[in-house]
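Residue numbers (my numbering), protein chains in the order written: chain A, 350 to 659; chain B, -10 to 522; chain C, 799 to 1111.
Keep in mind the hints are simulated off the structure, nothing from the lab. Note that the structure is predicted; figures quoted are calculated from it, not measured. Glycine is no exception: its CB is placed at the ideal position from the N, C-alpha and C atoms. One thing to keep in mind: the hints can contain errors.
[Said to hold, decoys possible] Incomplete in silico selection of chain A near chain C, CB under 7 Å:
{"hint": "1", "residue": "Gly487"}
{"hint": "2", "residue": "Gly488"}
{"hint": "3", "residue": "Leu504"}
{"hint": "4", "residue": "Asp506"}
{"hint": "5", "residue": "Leu508"}
{"hint": "6", "residue": "Phe576"}
{"hint": "7", "residue": "Ile579"}
{"hint": "8", "residue": "Val580"}
{"hint": "9", "residue": "Ala596"}
{"hint": "10", "residue": "Arg623"}
{"hint": "11", "residue": "Ala626"}
{"hint": "12", "residue": "Val629"}
{"hint": "13", "residue": "Gly633"}
{"hint": "14", "residue": "Phe637"}
{"hint": "15", "residue": "Ile640"}
{"hint": "16", "residue": "Asn644"}
[Stated by the list, open to error] With a straight-line cut-off of 30 Å between C-alpha atoms, the simulated BS3-like cross-links for lysine-lysine are:
{"hint": "17", "chain 1": "B", "residue 1": "Lys188", "chain 2": "C", "residue 2": "Lys898"}
{"hint": "18", "chain 1": "C", "residue 1": "Lys898", "chain 2": "B", "residue 2": "Lys254"}
{"hint": "19", "chain 1": "B", "residue 1": "Lys112", "chain 2": "B", "residue 2": "Lys188"}
[Claimed, not checked] Here chain C is said to cover these stretches of chain A; the calculated rule only asks that three of the stretch's residues, wherever they fall, bring their Cβ under 8 Å from a Cβ of chain C:
{"hint": "20", "stretch": "511 to 517"}
{"hint": "21", "stretch": "598 to 604"}
For reference, the chains in residue letters:
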Amino acid sequence: MSETVTRKELMGETVNKYTTRKEFFKQYKKKSRLEETWNRFLRNKMAVIGLFIFVFIMVVAVVAPLIADYDTEAITINVSNRLQPPSTEHIFGTDEMGRDIMARIVHGARISLVVGFSSVAIALFIGGAFGAIAGYYGGKTDDIIMRCMDVFLCLPDVLLALAIVAAFGTTLVNMTIAIGLSFTPKFSRVVRSAVMTVRGIEYVEAARAIGSTNTHIITNHVLINCFGPIVVQVTLYVASAILTISALSFIGLGIQAPIPEWGNMLASGRAYMRDHAYIVMAPGLAIFVTILSLNLLGDGLRDALDPRLK
Amino acid sequence: MKKNLVISLLLVLVLTATMVGGCGSSSKKDASTTPASINAPKLAPSTTKAEPGAKLDENITVVQQLDMVSFDPINTSDLSNRYIITNIYSYLFAQDEYLNNVPELVKSFKRINDSTWQFEIYKGVKTHDGKVLTTDDVVYSLQRTQKGTAIGALFKPVDKISKIDDSTIQITTFGPYPALPTALTHVACGIVPKEYAEKAEATKDWSNPIGTGRYKFKSRLIGDSVVMERFDGYFNQEDKALNKSLTFKIIPEGSARTIAVETKKADINVVFDTVDYNRVVANANLQLWEHPSQTVWHLGYDNTNTNFSNKLVRQAINYAIDRKAVMEVGHNGHGTVVFNNATFAPTVLGAVNNPANKYSYDPEKAKALMKEAGVSGFDTEIIVFRDEAERAAVLIQSYLKVIGINASVKRIENAVFAQTIQAHKAPMFITSWGCYWDPDMFLARRFTTAGIGGVNRVWYQNPALDVLIDKARTISFDNNPRAEVYGEIQKFMAEEAPEADLYVNTMYALANKDLKGIEINVEMPHNYHKLHY
Amino acid sequence: MLKFIVRRLLAMIPVVLAVTFVVFTMMYMTPGDPTNTILGNEWTEAASAKLKTELGLDQPFLVQFFNYTINLVQGDFGMSYITRAPVGDQLMARFPNTLKVVAGAMLFCVGVGVPIGVFSGVKPYSVFSNLTMVVGLLGVSLPIFWLGLLLILLFSVELGWLPSSGIDGFASLILPSLALGSNYMANIMRTTRSSMLEVIRQDYIRTAKAKGVNARNVIMKHALQNAMMPTVTVIGMNIGALLGGVVLTETVFSIPGTGRLLVEAINKRDTPTVLGCLVIMAVCVAVSNLLVDIVYAYLDPRIKAQYGGGRGE
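Turn these sequences into a full structure, and let the hints steer you where they fit.
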């Protein structure tokens, strides 16, 4: 039994919704890439969770002074109050100097985030510049630059940062530069490959045909289209940078006491860990959750930007 | 997927909560509320003889906090170094419980006149490389000690060291020096065979030491361990080593040292971290031994630094610090607070805890003194190289802030501490000093010109003080008049305040419950050659 | 095959040389006078000048570097500023400990990560697979030093099963290996899983299945070999990270290895030791990259063919 389906029925609903042909074709208009990417991202539940957590941490870091006053709670020592287990008054307990651990964690977030972002920014600018040049010009320039970067890749991140710290000392600025420099080689590779992928695409050839200068092409076309992969790497490297600064502070070659930093809180609390385990829980959890959220975010961005990679 | 993530996160949270909850119930406030223990700390006996049936061929493992520095006796007076190398080298005199002298290489000695001493050395003392120790070796070693800078002030009263014959040496001093035998117990007076010493000095390599002590050096892994074996040719078989070998393990982390003894990886922990006090006192498999100490933790300053050249500033600092709190943070309250400024521990000859009853914790007075001095504040640095000192420094930093001094805390390695001081790079520092019972042993070295380049770490020189110190030494060979002068000195120093003494911490040794022969002096557990099962 | 190895070995040399140069330059630029550290209490102008000539510190930079490299090739790492003993002795005494920890971690990573990755790749939407993805994610985010502390808390302090410090015996290696390896195990797990997934979808697998080949054989013979290549790359990349992480592991577990030696040397401003440690680590990374390349070539028949080899060469 075959039913004849009229064209009208087939297109039924759709046809009735639109009054003009223009409106009808709008649904087939190509959405902007950004919108598409954003939609894909939102569908990835884990990535959204990561985003929320990280935004929460950033907000906490920004409003830290409102949550806990820096001087009275994070720095001032109160010996009679030392080593108190978590309670309603001190959510994470107090450390070996009687300071409220939660206050220190909240202020520590500021340092971690600032160092994390600044060092990656340094890596991005320097590494990005080199990588873009190498990727765009190719040939000998590419070879030379990449060989140089390869040399640095022979030294693991932490060791390279350690070497710079060993030479120049442990101030906040030095730490940031050291960590930034240790990520530069990797970043240059990322940017280079992104640039190389884009380089062949038609609109670049078209731009060249019109006669745009190389610089113009790089800044206006190439870099903008590399945005995607770079954003993913930035996210993941911020996580690494935060991990590195905590690690360096933990071994005593990073942020020094009494400035609260998650790594040095772990180091100084360690002596009391046997009978006061909470003292190493909160700072470690802070690092863990921050890095987890950034990893989720980074993974989500990667999947959203190129679903084929999944 | 999301469900799994949530479950896993919940699991982590539950695990965390259990740990926190479980450990929260066992954490009590330390020190002041000690539970009734089944294993109360006891005072160590001062001499040990092996009982019948004792095992005398064991390998004993001793754990300590800091690594040794060098096998060259005149290199440093660092404690972590001393208690290791005194097993390799012999001394004319060894130290007893109160750091007074006990003859070791010396068979007998007499004082011919006020400034001439003669010492008879045992004959036939064998060295680790099969030779015999001669008085030439003894004279050479002591002359080396005299030339060395680290403890040069110790020998300042010493004039000439010479050989009389094959078994006697003579030491002449500038004026009476009652503390000479005690001076000879100092680590730098280790007797090293001349041949080895000359070779080591030429190559600057002391890593394979030859001595005449109870143990022969076997091996060392820098930063980790030192191993030495019993020397069966030791000259005094009445007092030889009661164990076959000693292994010193370096574990910087306090609880890890305690765990090492708990898990029987080590036999004795000689730098016990009081954070574990409650735990070990309740553990029937361990013994905790205690002994009053003469180790003074102090805050020193570089007196040549313009910031500290004003006496009122130095006094202000003394009023600004709550010593009890510092002791709480540094050693969990195990010790006694002192308000001295001359590193006098309470059990030392002539010690006065708070000379002239001058100091107390009084921040207002401190601020007033700073104002009187016309100093509104300055930036400086506190140098430390040990965990306890670092904690104390962070606390003191907050007290100093109240009176306008901004001090940052800088941690360095103990191996470079001496050089940091020498280079004037330590405007303030916190460390400990183990006192001899005889104040003459440290006063001249720490607060006079002769000590510059040695342990006069506060760079303090004052002719008036020099006179007093000499007086205290020479006034009599009897201790009472000397004690009086020491009282005067402490009053003088309280006014001058070249450093701020904080507290004296109790000495502990944590050991396996079956370990015998544990001896502690006022500085550290010592005489490891007596340890046996 | 041999030609391939030799070529790679030769390529390694300039890289190691360059790394040595970079590290040497950084140490050279350290502010401060090394003679202060060496002479300590005995510092005088004259002694300092004499020492400088003796150590060659007054030579121009390139000459110093050249001398250092020549010595390095002969195995002479110079003299420590602090102990005045050869740096090489200490390095060689401590390096095996570092290797033990790294080997343990590698064993954990590969021995646990790869099989789990393979299984969850074969059954991609099962509970097991989801669980591994979650664990993988968590593992990648856990800081090594925190994990180390937690492991000590659980296994040493609470349960008393395993030692918390030092290196004597097999038991003391377990916790450090776990702590060090966790991050990278997660990485390897995820990579193996995704490359298995990728491979299984390929046509030739479907062909094999259609031919009636046993499923197990399919996996072991066809899929695994091809899936291993990205895994091998990831393993290789991670060795460098392991060497970086070993510094933290040695600090947490008080293991006398090169990592802790490096940190102590930095604190003591003992430049030759710092240099020695860094150079050794860099050489390790280079050598392991080489090994990875060789294994990769072995697995990939295209490269084997290119060098005219077979297993018999």
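These are the hints, each one checked on the structure:
Residue-level restraint check for A:Gly487 is violated (minimum Cβ-Cβ distance to chain C is 21 Å; threshold 7 Å). Given the 7 Å rule on beta carbons, the hint for A:Gly488 is violated: about 20 Å separates it from the nearest Cβ of chain C. Checking A:Leu504 against chain C by beta carbon gives a least distance of about 6 Å; that is within 7 Å, so the hint holds. Interface hint at A:Asp506: satisfied, since its Cβ lies 6 Å from the closest Cβ of chain C, which is below the 7 Å cut-off.
At a threshold of 7 Å, the smallest CB-CB gap from A:Leu508 to chain C is about 5 Å, leaving the interface hint in force. About 24 Å separates the beta-carbon of A:Phe576 from the nearest beta-carbon of chain C, more than 7 Å, and the hint is not met. For A:Ile579, the suggested interface contact is broken, since its CB lies about 20 Å from the closest CB of chain C, more than 7 Å. For A:Val580, the suggested interface contact is broken, since its CB lies about 19 Å from the closest CB of chain C, more than 7 Å.
Annotation: interface hint on A:Ala596 holds; nearest CB of chain C at approximately 5 Å, less than 7 Å. Annotation: A:Arg623 was flagged as interfacial toward chain C, and the flag holds, the nearest CB pair being 5 Å apart, inside 7 Å. Hint status for A:Ala626 relative to chain C: holds, with the closest Cβ pair at about 6 Å, below 7 Å. Checking A:Val629 against chain C by beta carbon gives a least distance of about 5 Å; that is within 7 Å, so the hint holds.
Taking 7 Å as the C-beta cut-off, the interface hint given for A:Gly633 holds, the closest approach to chain C being about 4 Å. Against a cut-off of 7 Å between C-beta atoms, the interface hint on A:Phe637 holds, since the closest Cβ of chain C lies about 6 Å away. Checking A:Ile640 against chain C: minimum C-beta separation of about 4 Å stays under 7 Å; hint holds. For A:Asn644, the interface hint holds, since its Cβ comes within 7 Å of a Cβ in chain C; the closest pair sits about 5 Å apart.
With a C-alpha separation of about 37 Å, the suggested pairing of B:Lys188 with C:Lys898 is violated against the 30 Å cut-off. With a C-alpha separation of about 20 Å, the suggested pair C:Lys898 and B:Lys254 falls inside the 30 Å cut-off, and the hint holds. About 24 Å separates the Cα atoms of B:Lys112 and B:Lys188, which keeps this hinted pair within 30 Å; it holds. Counting residues of the stretch 511 to 517 of chain A whose beta carbon lies closer than 8 Å to any beta carbon of chain C gives 7, which meets the minimum of three for the stated coverage.
With 4 residues having a Cβ less than 8 Å from any Cβ of chain C, the stretch 598 to 604 of chain A passes the three-residue criterion, so the hint holds.
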